[in-house]
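Throw the hints in and build the complete structure from the sequences for me.
When we follow this note's numbering, the leftmost residue of the sequence shown carries the number 108, and every step to the right adds one.
These aren't lab readings, by the way, just hints derived from the structure by calculation. Glycine included, every Cβ here is placed at the ideal spot set by N, Cα and C. It is possible that part of the hints are untrue.
Claimed, not checked - Here are the in silico distance ranges between beta carbons for each label pair: (1) 304 - 331: 31 to 41 Å; (2) 312 - 162: 25 to 35 Å; (3) 227 - 308: 13 to 23 Å.
What the hints assert, rightly or not - Here are the simulated DSSO-like pairs of lysine-lysine, each with C-alpha atoms no more than 30 Å apart in a straight line: (4) 275 - 323; (5) 343 - 213; (6) 213 - 133; (7) 275 - 258; (8) 261 - 276; (9) 275 - 331; (10) 275 - 375; (11) 343 - 135; (12) 149 - 133; (13) 135 - 149.
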Amino acid sequence: MVHVVIAGGAGNVGREIVEELIQQGKHKITVFSRTDRPDLVKEGIDVKVVNYANKAELTEALEGVNTVLSFITADPENTAQTNLINASIAAGVRRFAPSEWALASKSGIPHYAYKDVVHEYLKQVKVANPDFEFCLFQPNFFQNYLSYPHKSAKHMFITSIMLDIQQKKALQLDDGAQWTVITSVEDVAKVVALAIDYPGKWPETGGIVGTRIQVKDLISLAQKVRGEPFTVYTVKKDAIDEGIQNSEWLPPADHPSMTPEMQANLAKMLYPDILRALDRGAMDVPPTWNELLPDFKFTDLEGFLNEYFGPKA
108 MVHVVIAGGA
118 GNVGREIVEE
128 LIQQGKHKIT
138 VFSRTDRPDL
148 VKEGIDVKVV
158 NYANKAELTE
168 ALEGVNTVLS
178 FITADPENTA
188 QTNLINASIA
198 AGVRRFAPSE
208 WALASKSGIP
218 HYAYKDVVHE
228 YLKQVKVANP
238 DFEFCLFQPN
248 FFQNYLSYPH
258 KSAKHMFITS
268 IMLDIQQKKA
278 LQLDDGAQWT
288 VITSVEDVAK
298 VVALAIDYPG
308 KWPETGGIVG
318 TRIQVKDLIS
328 LAQKVRGEPF
338 TVYTVKKDAI
348 DEGIQNSEWL
358 PPADHPSMTP
368 EMQANLAKML
378 YPDILRALDR
388 GAMDVPPTWN
398 ELLPDFKFTD
408 LEGFLNEYFG
418 PKA
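The structure is reproduced here in C-alpha coordinates:
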(Lines of atoms letter the chains of each structure in order from A and count residues from 1; the text may use other names and numbers.)
(Lines give C-alpha, C1' and ligand atoms only; values in the text may rest on other atoms or scores of the structure.)
Protein backbone atom coordinates (compact mmCIF):
# COMPACT_ATOMS: atom_id res chain seq x y z
CA MET A 1 0.00 0.00 0.00
CA VAL A 2 1.23 3.49 -0.88
CA HIS A 3 -0.15 6.97 -0.28
CA VAL A 4 -1.62 8.62 -3.38
CA VAL A 5 -2.62 12.29 -3.57
CA ILE A 6 -5.07 13.54 -6.18
CA ALA A 7 -4.67 17.30 -6.53
CA GLY A 8 -7.86 18.83 -7.87
CA GLY A 9 -9.60 15.49 -7.56
CA ALA A 10 -12.89 16.83 -6.28
CA GLY A 11 -14.64 17.07 -9.63
CA ASN A 12 -14.97 15.87 -13.20
CA VAL A 13 -12.22 13.50 -14.43
CA GLY A 14 -10.25 13.57 -11.19
CA ARG A 15 -13.32 12.47 -9.27
CA GLU A 16 -13.67 9.44 -11.53
CA ILE A 17 -10.06 8.46 -10.73
CA VAL A 18 -10.64 8.96 -7.01
CA GLU A 19 -13.71 6.73 -7.13
CA GLU A 20 -11.85 3.89 -8.84
CA LEU A 21 -8.86 4.02 -6.50
CA ILE A 22 -11.05 4.05 -3.40
CA GLN A 23 -13.18 1.21 -4.74
CA GLN A 24 -10.08 -0.94 -5.31
CA GLY A 25 -8.97 -0.25 -1.75
CA LYS A 26 -5.28 -0.94 -2.35
CA HIS A 27 -3.84 2.42 -1.34
CA LYS A 28 -4.34 5.38 0.97
CA ILE A 29 -6.05 8.12 -1.05
CA THR A 30 -6.08 11.83 -0.22
CA VAL A 31 -7.72 14.58 -2.25
CA PHE A 32 -6.04 18.00 -2.20
CA SER A 33 -8.56 20.83 -2.49
CA ARG A 34 -8.36 24.60 -2.29
CA THR A 35 -11.59 24.68 -0.26
CA ASP A 36 -13.47 22.54 2.24
CA ARG A 37 -15.36 19.67 0.60
CA PRO A 38 -17.90 18.36 3.13
CA ASP A 39 -19.58 16.43 0.30
CA LEU A 40 -16.46 14.31 -0.17
CA VAL A 41 -15.79 13.97 3.54
CA LYS A 42 -19.36 12.72 3.97
CA GLU A 43 -18.53 9.92 1.54
CA GLY A 44 -15.53 8.95 3.64
CA ILE A 45 -12.92 10.51 1.35
CA ASP A 46 -9.83 11.98 3.00
CA VAL A 47 -9.64 15.65 1.98
CA LYS A 48 -6.74 17.98 2.73
CA VAL A 49 -7.30 21.70 2.20
CA VAL A 50 -4.08 23.17 0.80
CA ASN A 51 -2.72 26.51 -0.34
CA TYR A 52 -0.88 25.92 -3.61
CA ALA A 53 0.95 29.21 -3.16
CA ASN A 54 2.65 27.95 0.01
CA LYS A 55 5.46 25.52 -0.87
CA ALA A 56 6.34 24.80 2.78
CA GLU A 57 2.74 23.85 3.54
CA LEU A 58 2.55 21.69 0.42
CA THR A 59 5.83 19.95 1.24
CA GLU A 60 4.61 19.09 4.72
CA ALA A 61 1.30 17.80 3.34
CA LEU A 62 3.19 15.57 0.88
CA GLU A 63 5.47 13.90 3.40
CA GLY A 64 5.21 10.13 2.99
CA VAL A 65 3.30 10.37 -0.32
CA ASN A 66 4.38 8.04 -3.12
CA THR A 67 2.36 9.31 -6.08
CA VAL A 68 0.73 12.63 -6.99
CA LEU A 69 -1.91 12.86 -9.72
CA SER A 70 -2.70 16.43 -10.75
CA PHE A 71 -6.01 17.59 -12.19
CA ILE A 72 -5.38 21.26 -11.46
CA THR A 73 -7.03 23.74 -13.82
CA ALA A 74 -7.55 27.50 -13.63
CA ASP A 75 -3.86 27.91 -12.86
CA PRO A 76 -2.54 31.25 -14.19
CA GLU A 77 1.20 31.12 -14.93
CA ASN A 78 1.16 27.44 -13.83
CA THR A 79 1.95 28.59 -10.30
CA ALA A 80 -0.03 25.88 -8.52
CA GLN A 81 1.38 22.99 -10.54
CA THR A 82 4.94 24.32 -10.41
CA ASN A 83 4.73 24.65 -6.64
CA LEU A 84 3.18 21.20 -6.40
CA ILE A 85 6.04 19.72 -8.43
CA ASN A 86 8.68 21.47 -6.34
CA ALA A 87 7.01 20.42 -3.10
CA SER A 88 6.69 16.84 -4.35
CA ILE A 89 10.42 16.65 -5.02
CA ALA A 90 11.23 18.26 -1.67
CA ALA A 91 8.98 15.76 0.13
CA GLY A 92 10.47 12.75 -1.64
CA VAL A 93 7.45 11.90 -3.79
CA ARG A 94 8.38 9.15 -6.24
CA ARG A 95 5.89 9.68 -9.07
CA PHE A 96 4.02 12.66 -10.50
CA ALA A 97 1.34 12.92 -13.19
CA PRO A 98 0.69 16.50 -14.36
CA SER A 99 -2.71 17.80 -15.41
CA GLU A 100 -2.81 16.28 -18.90
CA TRP A 101 -5.65 13.76 -19.46
CA ALA A 102 -6.29 14.79 -23.07
CA LEU A 103 -4.46 15.19 -26.39
CA ALA A 104 -0.83 14.58 -27.31
CA SER A 105 1.79 17.15 -26.34
CA LYS A 106 2.32 20.23 -28.51
CA SER A 107 -1.23 20.01 -29.85
CA GLY A 108 -1.21 23.68 -30.80
CA ILE A 109 -4.48 24.29 -28.97
CA PRO A 110 -4.02 27.57 -27.04
CA HIS A 111 -6.20 26.34 -24.18
CA TYR A 112 -3.76 23.45 -23.65
CA ALA A 113 -0.51 25.43 -24.00
CA TYR A 114 0.02 25.31 -20.24
CA LYS A 115 0.37 21.53 -20.45
CA ASP A 116 3.46 21.88 -22.65
CA VAL A 117 4.98 24.45 -20.29
CA VAL A 118 4.53 22.11 -17.32
CA HIS A 119 5.98 19.22 -19.35
CA GLU A 120 9.12 21.23 -20.09
CA TYR A 121 9.45 22.17 -16.43
CA LEU A 122 9.19 18.52 -15.39
CA LYS A 123 11.97 17.61 -17.82
CA GLN A 124 14.15 20.36 -16.36
CA VAL A 125 13.71 19.34 -12.72
CA LYS A 126 14.22 15.65 -13.51
CA VAL A 127 17.80 16.38 -14.62
CA ALA A 128 18.74 17.15 -11.02
CA ASN A 129 16.35 14.51 -9.64
CA PRO A 130 16.80 11.41 -11.82
CA ASP A 131 14.78 9.14 -9.51
CA PHE A 132 11.73 11.40 -9.78
CA GLU A 133 9.34 9.80 -12.27
CA PHE A 134 6.64 11.61 -14.17
CA CYS A 135 4.13 10.52 -16.77
CA LEU A 136 1.80 12.45 -19.06
CA PHE A 137 -1.37 10.35 -19.14
CA GLN A 138 -2.95 11.05 -22.54
CA PRO A 139 -6.18 9.21 -23.49
CA ASN A 140 -7.27 11.84 -26.04
CA PHE A 141 -11.08 12.16 -26.27
CA PHE A 142 -13.17 10.42 -23.66
CA GLN A 143 -15.46 7.84 -25.20
CA ASN A 144 -18.17 8.96 -22.80
CA TYR A 145 -18.61 12.16 -24.81
CA LEU A 146 -20.11 10.07 -27.60
CA SER A 147 -23.12 9.20 -25.41
CA TYR A 148 -24.21 12.88 -25.39
CA PRO A 149 -26.80 13.91 -24.29
CA HIS A 150 -27.04 10.72 -22.21
CA LYS A 151 -24.97 10.54 -19.04
CA SER A 152 -22.39 7.74 -19.25
CA ALA A 153 -20.06 8.67 -16.38
CA LYS A 154 -20.84 9.07 -12.72
CA HIS A 155 -19.02 12.37 -12.19
CA MET A 156 -17.56 13.62 -15.48
CA PHE A 157 -19.57 16.22 -17.37
CA ILE A 158 -20.69 14.94 -20.77
CA THR A 159 -20.45 17.23 -23.77
CA SER A 160 -20.44 16.67 -27.53
CA ILE A 161 -17.22 16.39 -29.55
CA MET A 162 -17.24 16.27 -33.38
CA LEU A 163 -20.25 13.98 -33.41
CA ASP A 164 -23.81 14.21 -32.11
CA ILE A 165 -25.18 10.70 -32.44
CA GLN A 166 -28.54 11.66 -30.96
CA GLN A 167 -29.12 14.27 -33.67
CA LYS A 168 -27.36 12.17 -36.35
CA LYS A 169 -24.94 14.97 -37.20
CA ALA A 170 -21.17 15.01 -37.57
CA LEU A 171 -18.35 17.46 -38.25
CA GLN A 172 -15.59 16.30 -40.59
CA LEU A 173 -12.31 17.76 -41.87
CA ASP A 174 -11.90 17.13 -45.60
CA ASP A 175 -12.46 13.39 -46.21
CA GLY A 176 -12.30 12.44 -42.53
CA ALA A 177 -9.15 10.34 -42.99
CA GLN A 178 -7.50 11.72 -39.84
CA TRP A 179 -6.84 9.29 -36.98
CA THR A 180 -8.22 9.86 -33.53
CA VAL A 181 -8.14 7.95 -30.25
CA ILE A 182 -11.18 7.44 -28.02
CA THR A 183 -10.90 6.05 -24.48
CA SER A 184 -13.54 5.70 -21.78
CA VAL A 185 -12.93 7.56 -18.54
CA GLU A 186 -13.58 4.33 -16.62
CA ASP A 187 -10.78 2.62 -18.54
CA VAL A 188 -8.48 5.57 -17.90
CA ALA A 189 -9.17 5.28 -14.17
CA LYS A 190 -8.40 1.55 -14.23
CA VAL A 191 -5.18 2.10 -16.20
CA VAL A 192 -4.08 4.77 -13.71
CA ALA A 193 -4.73 2.31 -10.87
CA LEU A 194 -2.59 -0.29 -12.64
CA ALA A 195 0.09 2.34 -13.32
CA ILE A 196 0.36 3.09 -9.61
CA ASP A 197 1.18 -0.59 -9.04
CA TYR A 198 3.41 -0.85 -12.12
CA PRO A 199 6.82 -2.19 -11.00
CA GLY A 200 8.87 -0.59 -13.75
CA LYS A 201 9.64 3.06 -14.37
CA TRP A 202 6.85 5.25 -15.62
CA PRO A 203 7.12 6.35 -19.26
CA GLU A 204 7.41 10.09 -19.81
CA THR A 205 4.54 10.09 -22.30
CA GLY A 206 1.78 7.67 -21.43
CA GLY A 207 -0.71 7.31 -24.25
CA ILE A 208 -3.84 5.28 -23.45
CA VAL A 209 -5.69 3.93 -26.48
CA GLY A 210 -9.19 2.57 -26.07
CA THR A 211 -9.95 2.67 -29.79
CA ARG A 212 -7.87 4.10 -32.64
CA ILE A 213 -10.09 5.00 -35.57
CA GLN A 214 -10.31 7.36 -38.53
CA VAL A 215 -12.96 10.05 -38.19
CA LYS A 216 -14.80 8.84 -41.30
CA ASP A 217 -14.97 5.32 -39.87
CA LEU A 218 -16.21 6.63 -36.54
CA ILE A 219 -19.04 8.38 -38.37
CA SER A 220 -19.78 5.18 -40.31
CA LEU A 221 -19.88 3.19 -37.08
CA ALA A 222 -22.28 5.67 -35.51
CA GLN A 223 -24.52 5.45 -38.58
CA LYS A 224 -24.44 1.65 -38.35
CA VAL A 225 -25.51 1.77 -34.71
CA ARG A 226 -28.33 4.24 -35.43
CA GLY A 227 -29.34 2.42 -38.59
CA GLU A 228 -29.73 5.73 -40.42
CA PRO A 229 -27.49 8.10 -42.39
CA PHE A 230 -26.05 11.19 -40.72
CA THR A 231 -25.80 14.72 -41.99
CA VAL A 232 -22.05 15.30 -42.29
CA TYR A 233 -20.79 18.88 -42.29
CA THR A 234 -17.41 19.06 -44.04
CA VAL A 235 -14.82 21.74 -43.36
CA LYS A 236 -11.96 22.18 -45.82
CA LYS A 237 -8.42 22.06 -44.47
CA ASP A 238 -7.37 25.16 -46.41
CA ALA A 239 -10.27 27.22 -45.03
CA ILE A 240 -10.84 25.99 -41.48
CA ASP A 241 -11.67 29.33 -39.87
CA GLU A 242 -14.10 30.31 -42.61
CA GLY A 243 -15.58 26.81 -42.67
CA ILE A 244 -16.30 26.83 -38.94
CA GLN A 245 -17.74 30.33 -38.94
CA ASN A 246 -20.07 29.49 -41.83
CA SER A 247 -20.95 25.93 -40.90
CA GLU A 248 -24.68 25.27 -40.63
CA TRP A 249 -23.99 23.12 -37.56
CA LEU A 250 -21.33 22.72 -34.89
CA PRO A 251 -21.30 20.27 -32.00
CA PRO A 252 -22.60 22.20 -28.98
CA ALA A 253 -20.03 23.34 -26.43
CA ASP A 254 -22.55 22.29 -23.82
CA HIS A 255 -22.29 23.47 -20.23
CA PRO A 256 -25.09 24.09 -17.72
CA SER A 257 -23.74 27.53 -16.81
CA MET A 258 -23.83 28.78 -20.42
CA THR A 259 -26.67 30.10 -22.54
CA PRO A 260 -27.20 28.58 -26.02
CA GLU A 261 -25.71 31.74 -27.54
CA MET A 262 -22.61 31.46 -25.35
CA GLN A 263 -22.26 27.79 -26.28
CA ALA A 264 -22.45 28.62 -29.99
CA ASN A 265 -19.83 31.35 -29.67
CA LEU A 266 -17.52 29.06 -27.71
CA ALA A 267 -17.86 26.32 -30.32
CA LYS A 268 -16.81 28.76 -33.05
CA MET A 269 -13.74 29.64 -30.99
CA LEU A 270 -12.75 26.06 -30.12
CA TYR A 271 -13.34 24.05 -33.28
CA PRO A 272 -10.77 25.71 -35.57
CA ASP A 273 -8.08 24.75 -33.04
CA ILE A 274 -9.55 21.27 -32.56
CA LEU A 275 -9.58 20.58 -36.30
CA ARG A 276 -6.02 21.84 -36.72
CA ALA A 277 -4.88 19.61 -33.86
CA LEU A 278 -6.67 16.69 -35.50
CA ASP A 279 -4.93 17.44 -38.80
CA ARG A 280 -1.53 17.63 -37.06
CA GLY A 281 -2.02 14.17 -35.55
CA ALA A 282 -2.30 15.46 -31.98
CA MET A 283 -5.35 13.25 -31.39
CA ASP A 284 -3.51 10.09 -32.40
CA VAL A 285 -1.77 9.32 -29.11
CA PRO A 286 0.60 6.33 -28.86
CA PRO A 287 -0.48 3.07 -27.15
CA THR A 288 2.17 3.37 -24.45
CA TRP A 289 0.21 1.96 -21.52
CA ASN A 290 -1.49 -0.60 -23.78
CA GLU A 291 1.94 -2.09 -24.44
CA LEU A 292 2.99 -1.94 -20.78
CA LEU A 293 -0.31 -3.49 -19.63
CA PRO A 294 -1.04 -6.02 -22.41
CA ASP A 295 -3.62 -7.97 -20.41
CA PHE A 296 -5.91 -5.00 -19.86
CA LYS A 297 -9.12 -5.16 -21.89
CA PHE A 298 -10.55 -1.83 -23.02
CA THR A 299 -14.25 -1.04 -23.42
CA ASP A 300 -15.51 -1.98 -26.87
CA LEU A 301 -16.54 1.15 -28.78
CA GLU A 302 -19.36 -0.39 -30.82
CA GLY A 303 -20.79 -2.09 -27.74
CA PHE A 304 -20.68 1.23 -25.89
CA LEU A 305 -22.53 3.04 -28.70
CA ASN A 306 -25.15 0.30 -28.89
CA GLU A 307 -25.79 0.66 -25.18
CA TYR A 308 -26.95 4.25 -25.68
CA PHE A 309 -28.15 4.38 -29.29
CA GLY A 310 -28.68 0.82 -30.52
CA PRO A 311 -32.03 -0.86 -31.22
CA LYS A 312 -32.39 -1.97 -27.59
CA ALA A 313 -31.31 1.33 -26.03
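Okay, the hints, checked on the actual structure:
{"no.": "1", "hint": "304 - 331: 31 to 41 Å", "result": "holds, 38 Å"}
{"no.": "2", "hint": "312 - 162: 25 to 35 Å", "result": "holds, 27 Å"}
{"no.": "3", "hint": "227 - 308: 13 to 23 Å", "result": "holds, 20 Å"}
{"no.": "4", "hint": "275 - 323", "result": "holds, 14 Å"}
{"no.": "5", "hint": "343 - 213", "result": "holds, 23 Å"}
{"no.": "6", "hint": "213 - 133", "result": "violated, 34 Å"}
{"no.": "7", "hint": "275 - 258", "result": "holds, 18 Å"}
{"no.": "8", "hint": "261 - 276", "result": "holds, 26 Å"}
{"no.": "9", "hint": "275 - 331", "result": "holds, 11 Å"}
{"no.": "10", "hint": "275 - 375", "result": "holds, 20 Å"}
{"no.": "11", "hint": "343 - 135", "result": "violated, 50 Å"}
{"no.": "12", "hint": "149 - 133", "result": "holds, 21 Å"}
{"no.": "13", "hint": "135 - 149", "result": "holds, 17 Å"}
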